[in-house]
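So the chains spell out like this:
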Amino acid sequence: MKAKKLLWAVFIVALVIAVFLIAMAQYYVAVALVIGTLIMRHREIWSLIKTRKLPPVDERVRENTGKAIRNGFIFFAVATAIMMLPFGGVVTRNLDTVHILSALFLAAGLVYLLTYLFYDRAEPKMTQGRLKMLKTYLLIIGISVGVFIIGVFLHNALYALFDVEEPVFFIIATIISPLALAVGLIGSLVVFIMGLAGRPS
Amino acid sequence: MKTRIKEFRSRYNLTQEKLAEMVGVRRETIIFLEQGKYNPSLRLAYSVARTLHTTVEELFIFDD
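Read top to bottom, the protein sequences are chains E and H. Here the numbering used here = 1-based position in the first sequence + 24. Here the numbering used here = 1-based position in the second sequence + 4.
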């Protein structure tokens, strides 16, 4: 049942994106997307045609899907970083709040990536106290990102609806949550690297 | 890791597809297991062994 829902979800998402691409006259991309989706799900489609049943999502499939998602994310992150390199000079010449925030978010992404990739290596060397500390710092990162998004939204929503220049959400979004993000980032990185290095705790 | 899944499967006249169905995995997983290309979890190894009326130690040969 879960596999069937997943298959339907993939096809519906692909269909919606294909419709958007066709509406934007991006026919080649739409065709590539449809072919890609069919290739990606060819086993399920073939099984449905042959036996009218979907093959089970077993542990090997789950493992492979996890690896594919992780590798895809790494490829996406590296490709984006390479494509962004030419803009580096412009960014450092005219540094402002937006650039600092972007750098913080990028650093947060990197910390998540690092902890995701090397958690298995660091976890056995860490004590319960350190693990709790790492979880707290990671939680601070997550919460500060959420608070930032909500703060920006509320500040702009209040301005758009009531024409009020309120300071509370502005300060939360531009000062408090980036500070909390920085604290969470530095703390989690320090705890994690100490765990990776295997220092006695 | 070598396995004796094929040997036990033919003992009970089971096809790869039938065994996969009984264990609740894909046929490809059984193929990879037979070829020793996939290291199963303890749960899957136990499940395959129980389906073939044997033990994990009998079914999977660990070589260091």
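Simulated from the structure, these hints should not be mistaken for lab results. One or more hints might be untrue.
Below are the SDA-like pairs computed for lysine to any residue, each with C-alpha atoms no more than 20 Å apart in a straight line [unchecked claim]: (1) H:Lys-22 / E:Ala-204; (2) H:Lys-41 / E:Lys-156; (3) E:Lys-74 / H:Thr-19; (4) E:Lys-74 / H:Tyr-42; (5) E:Lys-91 / H:Glu-25; (6) E:Lys-91 / H:Ser-51; (7) E:Lys-159 / E:Val-176; (8) E:Lys-74 / H:Glu-32; (9) E:Lys-28 / E:Leu-119; (10) H:Lys-6 / E:Arg-84; (11) E:Lys-28 / E:Val-102; (12) E:Lys-156 / E:Leu-137; (13) H:Lys-41 / H:Glu-11; (14) H:Lys-22 / E:Asp-82; (15) E:Lys-77 / H:Lys-41; (16) E:Lys-91 / H:Lys-6; (17) E:Lys-74 / H:Lys-10; (18) H:Lys-10 / E:Thr-75; (19) H:Lys-41 / H:Ala-53; (20) H:Lys-41 / E:Lys-159; (21) E:Lys-156 / E:Ala-204; (22) H:Lys-22 / E:Glu-83; (23) E:Lys-159 / E:Ala-131; (24) H:Lys-41 / E:Gly-90; (25) H:Lys-22 / E:Lys-159; (26) H:Lys-22 / E:Arg-84; (27) H:Lys-22 / E:Ala-92; (28) E:Lys-74 / H:Lys-6.
Now the in silico label distances, taken between C-beta atoms and shown as ranges [said to hold, decoys possible]: (29) E:Gly-166 / H:Arg-54: 49 to 57 Å; (30) H:Ile-35 / E:Asp-120: 38 to 46 Å; (31) H:Glu-62 / E:Gly-90: 52 to 60 Å; (32) E:Met-107 / H:Ile-35: 47 to 55 Å; (33) E:Ile-106 / H:Asp-67: 37 to 45 Å.
Ideal placement from N, C-alpha and C gives every residue a C-beta, glycine not left out.
Quick rundown of the hints versus the structure:
no. : hint                             : verdict
1   : H:Lys-22 / E:Ala-204             : violated, 56 Å
2   : H:Lys-41 / E:Lys-156             : violated, 37 Å
3   : E:Lys-74 / H:Thr-19              : holds, 17 Å
4   : E:Lys-74 / H:Tyr-42              : violated, 26 Å
5   : E:Lys-91 / H:Glu-25              : violated, 25 Å
6   : E:Lys-91 / H:Ser-51              : violated, 24 Å
7   : E:Lys-159 / E:Val-176            : violated, 26 Å
8   : E:Lys-74 / H:Glu-32              : holds, 16 Å
9   : E:Lys-28 / E:Leu-119             : violated, 49 Å
10  : H:Lys-6 / E:Arg-84               : holds, 18 Å
11  : E:Lys-28 / E:Val-102             : violated, 33 Å
12  : E:Lys-156 / E:Leu-137            : holds, 19 Å
13  : H:Lys-41 / H:Glu-11              : holds, 17 Å
14  : H:Lys-22 / E:Asp-82              : holds, 15 Å
15  : E:Lys-77 / H:Lys-41              : violated, 26 Å
16  : E:Lys-91 / H:Lys-6               : violated, 24 Å
17  : E:Lys-74 / H:Lys-10              : violated, 25 Å
18  : H:Lys-10 / E:Thr-75              : violated, 24 Å
19  : H:Lys-41 / H:Ala-53              : holds, 17 Å
20  : H:Lys-41 / E:Lys-159             : violated, 36 Å
21  : E:Lys-156 / E:Ala-204            : holds, 18 Å
22  : H:Lys-22 / E:Glu-83              : holds, 18 Å
23  : E:Lys-159 / E:Ala-131            : holds, 17 Å
24  : H:Lys-41 / E:Gly-90              : holds, 18 Å
25  : H:Lys-22 / E:Lys-159             : violated, 45 Å
26  : H:Lys-22 / E:Arg-84              : holds, 18 Å
27  : H:Lys-22 / E:Ala-92              : violated, 28 Å
28  : E:Lys-74 / H:Lys-6               : violated, 32 Å
29  : E:Gly-166 / H:Arg-54: 49 to 57 Å : violated, 42 Å
30  : H:Ile-35 / E:Asp-120: 38 to 46 Å : violated, 57 Å
31  : H:Glu-62 / E:Gly-90: 52 to 60 Å  : violated, 31 Å
32  : E:Met-107 / H:Ile-35: 47 to 55 Å : violated, 40 Å
33  : E:Ile-106 / H:Asp-67: 37 to 45 Å : holds, 43 Å
Of the numbered hints given earlier, the model fails hints 1, 2, 4, 5, 6, 7, 9, 11, 15, 16, 17, 18, 20, 25, 27, 28, 29, 30, 31 and 32; all others are met.
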